[in-house]
Structure formats: C-alpha cells, structure tokens
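Novice: Given chain A, work out where chain B should sit, using these hints.
In order, the protein sequences belong to chains A and B.
Letter 183 of the first sequence, counting from 1, is numbered 182 in numbering that gives the first Met the number 0, and no numbers are missing.
Letter 96 of the second sequence, counting from 1, is numbered 95 in numbering that gives the first Met the number 0, and no numbers are missing.
To be clear, the hints were calculated from the coordinates, so they are not data collected in a lab.
Ideal Cβ positions, reconstructed from N, Cα and C, are used throughout, including at glycine.
Incorrect hints may appear among the rest.
[Stated by the list, open to error] Under 8 angstroms between C-beta atoms, here's a sample of chain B residues computed to sit facing chain A:
#, residue
1, VAL46
2, ASP63
3, LEU92
4, VAL115
5, ASN123
6, VAL124
7, ALA125
8, ALA131
9, LYS132
10, ASP139
11, CYS140
12, GLU145
13, ILE146
14, LEU164
15, ALA165
16, LEU227
[Said to hold, decoys possible] Pair by pair, the computed Cβ-Cβ distance ranges are:
#, chain 1, residue 1, chain 2, residue 2, range
17, A, SER54, B, PRO105, 45 to 51 angstroms
18, A, ALA76, B, GLU56, 26 to 32 angstroms
19, A, GLY78, B, GLY188, 39 to 45 angstroms
20, B, ASP71, A, PRO167, 22 to 28 angstroms
21, B, GLU56, A, GLU89, 46 to 52 angstroms
Protein chains: 2
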Amino acid sequence: MAIRALVFDVFGTVVDWRGGVAREARRLLGPSVDAAALADDWRRRYVPSMERVRSGELPWTPLDALHRSSLDDVLAAAGRPDVAPEVRDELTLAWHRLDPWPDVVPGLTRLARAHVLAPLSNGNVALIVDMAKRAGLPWDCVLGAEIVQHYKPDPEVYDAAPRLLALPPSSVLMVAAHVEDLTAARARGLRTAYVHRPDEFGGRAVPPETDPDADLSVRSFEELADRLGA
Amino acid sequence: MAIRALVFDVFGTVVDWRGGVAREARRLLGPSVDAAALADDWRRRYVPSMERVRSGELPWTPLDALHRSSLDDVLAAAGRPDVAPEVRDELTLAWHRLDPWPDVVPGLTRLARAHVLAPLSNGNVALIVDMAKRAGLPWDCVLGAEIVQHYKPDPEVYDAAPRLLALPPSSVLMVAAHVEDLTAARARGLRTAYVHRPDEFGGRAVPPETDPDADLSVRSFEELADRLGA
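Next up, chain A with everything else stripped away, as it sits in the complex (with noise of 0.2 angstroms):
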C-alpha cells in the first residue's frame, strides 16, 4: 500500500464521546443525573438527527445544532427539564472537550511526519478545531460533514477527501472504528483500517476484533503506525 494520506473517524475512533460527555455532564448538571446514560441517549439521538438532514426533511444543519436540539429531548427524557438554556448551550460544548484514546496522540505524531493527516467526521468545522486545539491533535487540515454539507455515509464526504487532497482515492486510508463507516469509504475507492475500540460503548457493546474486509485491522493508532513504517 502506498498510503499518501490518512482520514480518521473521530467520534469513538480518535476520542472518548462516552467519557468525555459524561464528565461535562456530571459538572453541569451535578450528581443527581445518570451522566453515562445521558451521553448513551444523548448518542442513540445522533444517527437519527442526521438521517433527518441526509433524506433532506431538514436543510444542511451543522452537528453542534443537531446536538443542541438533541439535547432537549435528551434531558426531557432525563426527567430535568429545569435545566437553564445556556447550561444547555454549555453541554452541547461538551462535544468539543472530548479527550483522545491514550494511544491517538503517540501515534498520530508519528503518522504526521510521512503522511498528511486529517479528521473525515460528521462534526463541524469548529468542534473538531476546538477538539484538536485542546487535545493537541496533529491534523493537517479539516475535512469532513460541513465542507461539502453531507453526513457520512453519503458518498460526498469520502470522495472530498482525495479530491481536495489532490490524490488518487487508492493512496487514502480511511481509519475508523466503526465497520459501516468503513465499507463506505471502501465503495468511493478508499483504502480502509479498521481500529477496534473496545470501550467506546463502556463495554457494555464490544464491537469486533477487526473487520476482516479492511486492508488492516489493528488496536490503537501506534499499531498503525508501526504497520504503515513511520
């Protein structure tokens, strides 16, 4: 494989939403609330929200809104409909304060001395930027949902990515955690790594070991780092 480029899910591949959305939970809205299952139904919400952009019911919504709206439902739901608009806006934020996998920022630094590297995520130009500013993650440059206005899986997001990084699709590998999100990027010509995330759902969901239609399947980004020389 002559890999040029590497795209990365980010949610649950680069970093920790469950954690991390649990933790702003706990100091926003205090003990009382279940902060783990709040980020589970907080999560659950996301697919749906975006299917409502992607069959075209809603215009082009960037995901800190699809959060934000969320969000209502999520804390009606949690019985806390006292919470004050701007804690929510604050919540929402949490998205934006997720911290990576241990191994992510090790073996993105070593990936980024040979490869271009770069998020491919349905979140927004901003949450990302916010993310890697604070979780100090090496990309070269944002793709993803918002420049071309479509959610993964809609073959626009993969094939933005070759295209705007002026490679042939086959020399970029799409490394994500989630099999779905890798047979899409696989149809647009992507080459594809699979990374099994085991805590991603708490490990109460253990997703597989490796996707077995993927060029590799490894445990953590130094893994991939090794595997691909740099």
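Specialist: This is chain B only, laid out in the frame that chain A set:
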C-alpha cells in the same frame, strides 16, 4: 477588539512566492532562464486566470491547474517551448514549496496559543497543506477558495471563514499584505490587519507602509502577536 480567529492571505503575506518560484525555476530549467522574470510573469497571469473562473468562463478549477495551464504561456513567452511536460508538472509544484518570511513561524507560534489560525488563500487545499508541512506553519484548519469553489475577492470565500469557525465575523481578523483583499474582507464584516511586505515584488514595486482603513497595520507577524497580546 475581541479577536478569536485569524485568517491569512498566503502568497506574499505568509510566503515569498517570488523567491521560491525563482529558486525552483533555476533548479529545474538551469541558469539560462531569467528565473525572477519567469516568476513575475507567472504571477502576472494569476489574477486573469482566476478571473476566467470568477466570470463563469471556466468551471471551478483549482489553482494548481490554473498555474499549470499558465505555465505553458510563460514558457512560450520565455522562448522555452522545449521544456518537457513532466518538468512543467514538477515546476508547478514550486508553489507548494515556498518559504515563509522569517517572522512568520515565530509569530504564528505565539498567536496559535490563544487564537484559531487558518489560511484563507486562493491556493488549493493540497498546495496549502504541502506548504504548511514543509515550512512548519501551525494552521488549525485550512479554509479558502477551494472549500467554497470561489476565488477571492468573491464574498463567498470571506463569509465561509466565520461560518465554518462558528464565530461572528467581527471576531475574525483577516491578515493580508494586499489592500484589496482587506477591503473585500471588511465588506463582509471581518476585522482587518495589514502587513507591510516590501520585498514581495523583489523591491521593485513597494506596497504602501500602512492601510489606513485596516484595524491594524504591522510590519511582521511578531508585531501582530505583540499587538494582540499573544
């Protein structure tokens, strides 16, 4: 001024296009060519080539392709029809290999601590990414013409910066060595900082020392960092 993000013109403002293009022309074409004159002629064809896209005469075309096409005219005018296509392709990459002015990396490094930094250039994403990796420019993301498929000074390019950074235009500072770029940014509500780059045209056409209409006029990115308290 409560500035949260700085967006930068690149050619002439961040990097010395004339010196870099001449260096690559000398390397690839040998000493018989007047490398500085070649750089000047290539750059002269830059605005007219983008004008063909802005007017709708050409569909969206990334700057690399415009550069490659105008290079054929440059070499014809220079009496060098003999240059092989693969050398022309390689010479077009000169624009990916330009050196920053000496104050740029120290200034950006200070500014990056408390501000989001992004290029807002007519250069395509791959060009800007290659340049940044080679020169160590600490961009947080890459904005600019190719993202919105419009060339500056079209308003779409300026409007996309606050939109994608999720900031009010008045908290985004456009930095450029060219008054007309700042005028167009100001018309879209951005703040503006003028940088005096006396050597951009090899000292022959010296630009004004300040832009009286800009919020700030400085002589280096380090002075810009001083003025913003970075």
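Novice: Take the hints in turn and mark each one as holding or not.
Specialist: Status of the hints after comparison with the structure:
Because the beta carbon of B:VAL46 sits about 22 angstroms from the nearest beta carbon in chain A, more than 8 angstroms, this interface hint is broken. With 8 angstroms as the threshold, the beta carbon of B:ASP63 comes within range of chain A, its nearest partner Cβ sitting at about 7 angstroms, so the hint holds. For the restraint placing B:LEU92 at the interface with chain A, the shortest Cβ-Cβ distance is roughly 10 angstroms, beyond the 8 angstroms limit, so the hint is violated. Of the supplied interface hints, the one on B:VAL115 holds, with its beta-carbon coming within about 6 angstroms of a beta-carbon of chain A, less than 8 angstroms.
Restraint check, B:ASN123 versus chain A: the minimum CB separation of about 7 angstroms is within 8 angstroms; hint holds. Among the interface hints, the one on B:VAL124 holds; its C-beta lies about 4 angstroms from the nearest C-beta in chain A, closer than the 8 angstroms criterion. Proximity of B:ALA125 to chain A holds as hinted, the smallest CB-CB distance being about 4 angstroms (cut-off 8 angstroms). Taking 8 angstroms as the C-beta contact cut-off toward chain A, the hint placing B:ALA131 at the interface holds, the least distance being around 7 angstroms.
For the restraint placing B:LYS132 at the interface with chain A, the shortest Cβ-Cβ distance is roughly 6 angstroms, inside the 8 angstroms limit, so the hint holds. Interface restraint check: B:ASP139 against chain A, minimum CB-CB distance 5 angstroms, threshold 8 angstroms, status holds. With a cut of 8 angstroms, the hint placing B:CYS140 at the interface with chain A holds, because the nearest CB-to-CB distance is about 4 angstroms. Checking B:GLU145 against chain A by beta carbon gives a least distance of about 7 angstroms; that is within 8 angstroms, so the hint holds.
The restraint placing B:ILE146 at the interface with chain A holds, with a minimum CB-CB distance near 6 angstroms, inside the 8 angstroms limit. Proximity of B:LEU164 to chain A holds as hinted, the smallest CB-CB distance being about 5 angstroms (cut-off 8 angstroms). Contact between B:ALA165 and chain A, as hinted, is supported at the beta carbon level, the nearest pair being about 4 angstroms apart and thus within 8 angstroms. Annotation: interface hint on B:LEU227 violated; nearest CB of chain A at approximately 17 angstroms, more than 8 angstroms.
Restraint check, A:SER54 to B:PRO105: a C-beta distance of roughly 49 angstroms satisfies the suggested window 45 to 51 angstroms. The supplied range of 26 to 32 angstroms is broken by A:ALA76 and B:GLU56, whose beta-carbon atoms lie about 55 angstroms from each other. Here the CB-CB span from A:GLY78 to B:GLY188 is close to 43 angstroms, well matched to the stated 39 to 45 angstroms. Separated by about 24 angstroms at the C-beta atoms, B:ASP71 and A:PRO167 satisfy the suggested range of 22 to 28 angstroms.
Checked against the hint of 46 to 52 angstroms, the pair B:GLU56 and A:GLU89 passes, with Cβ atoms roughly 49 angstroms apart.
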